[in-house]
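Visitor: Read off the chains here:
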Amino acid sequence: MTDRMNALLRTAVVVGSVVLMQGTSRAQDAADPTGALFEKQCYSCHNIGSGKKKGPDLKGILQRRDRAWLHKFIASPKSMKASGDKIAVGLFREFAPEEMPDQMLTPLQIEDFLNFIDKVTKSGKVFVPQSGQLSRPVRPGDIEAGYAYFTGKKKLAAGGPACISCHSVQGVTPLGGGTLGLDLTQANARYTNIELASILKAPAFPTMSRLFANNPLTDEEVVQVFAYLQSTKTRTPDPGRSAFAFVLIGMAGTVACLGLMNFRWRARLRTGVRKDFVAQAVERHRKNLRSADHSHRAGRDA
Amino acid sequence: MVFTIDTLLFQVLPYVPVALFIIEAIRRYRQRPFSYSSLSSQFLEGDRLFIGSVPWHYGILFVLGGHLFAFLFPRELIAFGSVPWRLLILEVTALIGGLVSLIGLVELTIRRLTRDRIRAVTNVMDLVVLGVLLTQVGLGVYIALTMRWGSMWFATIMAPYLKSVVLLQPNVDLVSVLPWVIKLHIVGAYVFLAILPYSRLVHMLVWPVHYLFRRPQVVIWNAEPGSLRSTGEPERGG
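Going line by line, the protein sequences match chains H and D. For reference, each letter of the first sequence is one residue, going 12 to 313 in our numbering. For reference, each letter of the second sequence is one residue, going 85 to 322 in our numbering.
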């Protein structure tokens, strides 16, 4: 293994351990039944204490907004916006094009959520989802195994699709990876380690949540893919180069194909088809005549 | 169930062209069997036909075959593409197929619009067919270039969706999250299926397999073409 690989592995091991420790020390957040519900229904768009996501960070929300207003807004954000409520309209504008959907929550559930957010805020901690905890520290060999899962060389146990179908990581193949989804090079720059582990374990994105709903990654797979993505943190994404190479190879192949067709079937449809057929028919006719003449002579001699 | 535009396009729409296709294809074959033809224009113009027709047909057969294979054998395709160099060969080959068919189709379109003899035998449906095909193949190439790797996500997302449509339990969830370009390509495929029985594309349904095995037939005029023209009367019974 090269020095570079060793360095990457050390980084991945350290980060993995940190994620593991963070997760263990704060597991009580998500272990709370309301915390589990928060993770399922709110965490894809909201953090508590870790910054903005698709929606605002909810840390200290009760200190910023009136409790009655929050009840009304959470129950039906769209109605609040439609009514012209200034704060609601401002929030929709700030986080456009994301739109918080109306929630099918009872007033009691909303009250539980608000109390839970208040509890986390007052504890001075951040919300850590259960899915954000790695089951074990990263070990040597995890990066390689993660690469195999990423490319599909090694099948995911539950049958989920390989990451490369939609995602790229700089250098994953000579022409890069999939571009339907995000380029995951430096994925950890975009997401915190906990969020990344959480995404791998329980993706909250519309496409991924559907694809992995019935076939999530195992804990072991999460650790290994996490390790691989961590190891790519130092690479610089260059999607334009792989796209250009792909187009160039495609165009060269197309020119070669067209040239081959024109050469191989240069006589077809243009000229000579009829001439060939007539020549073949005449030859066949002559052959038949010769054959008939030969038979006739043979009969006469006999 | 919430009824959205996606519900209409991917849950209801698929069955309209299928019904049209089956009913109209049978009706046309029973009522006008000799209209099952591509209405070849080779006698009117041959040179540019060759340049366009050969790449178009080989390209589109390859690409459509690829779509069909990915639909029927998604697991096998994913297994094949699980090794990077095999995936790249698969994708580059598919892109070449798309580009070759697109170039052929553009050539055929230019020929149909610019050659007087061909324009004289062109009807509105021919132009509709060309428009739909150009849109479909153009979108396909664009998707292959910008939303890689199509073979893999087709096998992952589209194959289960199409299977759900065939099993009469369309799963709109799978396609509703896809980019609008891909959605347009899917809708284009349904439109293509709907216009197929009304156009010269019906020739796709009848394969002249016996041509491969029969002996060549050479048509020979026994009379001088000039003498036929001079009478002003078409020869009967001959």
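No wet-lab data here; the hints were simulated from the structure. The C-beta atom is built at its ideal place from N, Cα and C for all residues, glycine as well. It cannot be assumed that every hint is accurate.
Stated by the list, open to error - Listed next, with one range per pair, are the computed distances between beta-carbon atoms: (1) 117(H) to 103(D): 41 to 49 Å; (2) 109(D) to 94(H): 37 to 45 Å; (3) 110(D) to 94(H): 53 to 61 Å; (4) 293(D) to 169(H): 42 to 50 Å; (5) 208(D) to 274(H): 19 to 27 Å; (6) 288(D) to 274(H): 49 to 57 Å; (7) 207(D) to 256(H): 28 to 36 Å; (8) 117(D) to 292(H): 25 to 33 Å; (9) 153(D) to 47(H): 38 to 46 Å; (10) 169(H) to 117(D): 28 to 36 Å; (11) 258(H) to 306(D): 26 to 34 Å.
Unchecked claim - What the simulated footprint calls covered on chain H by chain D, stretch by stretch (three residues with Cβ under 8 Å from a Cβ of chain D suffice, anywhere in the stretch; the number is not a length): (12) 52-65; (13) 111-123; (14) 135-147; (15) 152-166; (16) 249-259.
What the hints assert, rightly or not - Listed below are the simulated DSBU-like cross-link pairs for lysine-lysine, each with C-alpha atoms no more than 30 Å apart in a straight line: (17) 267(D) to 65(H); (18) 298(H) to 247(D); (19) 247(D) to 65(H); (20) 89(H) to 247(D); (21) 51(H) to 133(H); (22) 166(H) to 267(D); (23) 247(D) to 64(H); (24) 247(D) to 165(H); (25) 247(D) to 97(H).
Visitor: Are the hints correct? Go through all of them and say.
Guide: Tested hints:
1. Look at residue 117(H) against residue 103(D): about 45 Å separates their beta carbons, and that is inside 41 to 49 Å.
2. Separation of residue 109(D) from residue 94(H) is about 54 Å and departs from the stated range, judged on CB atoms against 37 to 45 Å.
3. Roughly 56 Å separates the CB atoms of residue 110(D) and residue 94(H), a value that falls within the hinted 53 to 61 Å.
4. Checked against the hint of 42 to 50 Å, the C-beta distance between residue 293(D) and residue 169(H) comes to roughly 45 Å, which is consistent with it.
5. Range check, residue 208(D) to residue 274(H): about 37 Å between beta-carbon atoms, so the 19 to 27 Å window is missed.
6. For the pair residue 288(D) and residue 274(H), the supplied restraint of 49 to 57 Å is violated, since their beta-carbon distance comes to about 28 Å.
7. At about 44 Å, the beta-carbon gap between residue 207(D) and residue 256(H) misses the expected band of 28 to 36 Å.
8. In this structure the supplied range 25 to 33 Å holds for residue 117(D) paired with residue 292(H), their Cβ-Cβ distance being about 29 Å.
9. At roughly 43 Å, the beta-carbon separation of residue 153(D) and residue 47(H) lies within the given 38 to 46 Å, and the hint holds.
10. Hint check: residue 169(H) to residue 117(D), Cβ distance near 52 Å, so the stated range 28 to 36 Å is violated.
11. At about 56 Å, the beta-carbon gap between residue 258(H) and residue 306(D) misses the expected band of 26 to 34 Å.
12. Restraint check on the stretch 52-65 of chain H versus chain D: 0 residues with Cβ-Cβ distances below 8 Å, three needed, restraint violated.
13. For a cut-off of 8 Å, the count of residues in the stretch 111-123 of chain H with a CB near a CB of chain D stands at 0, and the three-residue condition is violated.
14. Coverage of the stretch 135-147 of chain H by chain D is violated [criterion: at least 3 residues with CB-CB distance below 8 Å; count 0].
15. Note: the stretch 152-166 of chain H has 4 residues with beta-carbon separation from chain D under 8 Å; the three-residue rule is met and the coverage holds.
16. Counting residues of the stretch 249-259 of chain H whose C-beta sits closer than 8 Å to any C-beta of chain D gives 3, which meets the bar of three, so the coverage hint holds.
17. Note on residue 267(D) and residue 65(H): the hinted pairing holds, with a Cα-Cα distance of about 24 Å set against a maximum of 30 Å.
18. Restraint check: the Cα-Cα separation between residue 298(H) and residue 247(D) comes to about 57 Å, which exceeds 30 Å; the hinted pair is violated.
19. A hinted pair counts as satisfied when its Cα atoms are at most 30 Å apart, and residue 247(D) with residue 65(H) does not qualify at roughly 33 Å.
20. At roughly 36 Å between alpha-carbon atoms, residue 89(H) and residue 247(D) are farther apart than 30 Å, so this suggested pair is violated.
21. Taking the CA atoms of residue 51(H) and residue 133(H), the gap is near 22 Å; set against the 30 Å cutoff, the hint holds.
22. The straight-line distance between the Cα atoms of residue 166(H) and residue 267(D) is roughly 29 Å, inside the 30 Å bound, and the hint therefore holds.
23. In summary, the hint linking residue 247(D) to residue 64(H) is not supported, as the alpha carbons are separated by about 36 Å, beyond the 30 Å threshold.
24. Simply put, residue 247(D) and residue 165(H) have alpha-carbon atoms about 26 Å apart, close enough for the 30 Å limit, and the pair holds.
25. Distance restraint check for residue 247(D) and residue 97(H): the Cα-Cα separation of roughly 47 Å exceeds the 30 Å cut-off, and the hinted pair is therefore not satisfied.
Of the numbered hints stated above, those contradicted by the structure are hints 2, 5, 6, 7, 10, 11, 12, 13, 14, 18, 19, 20, 23, 25, listed in ascending order.
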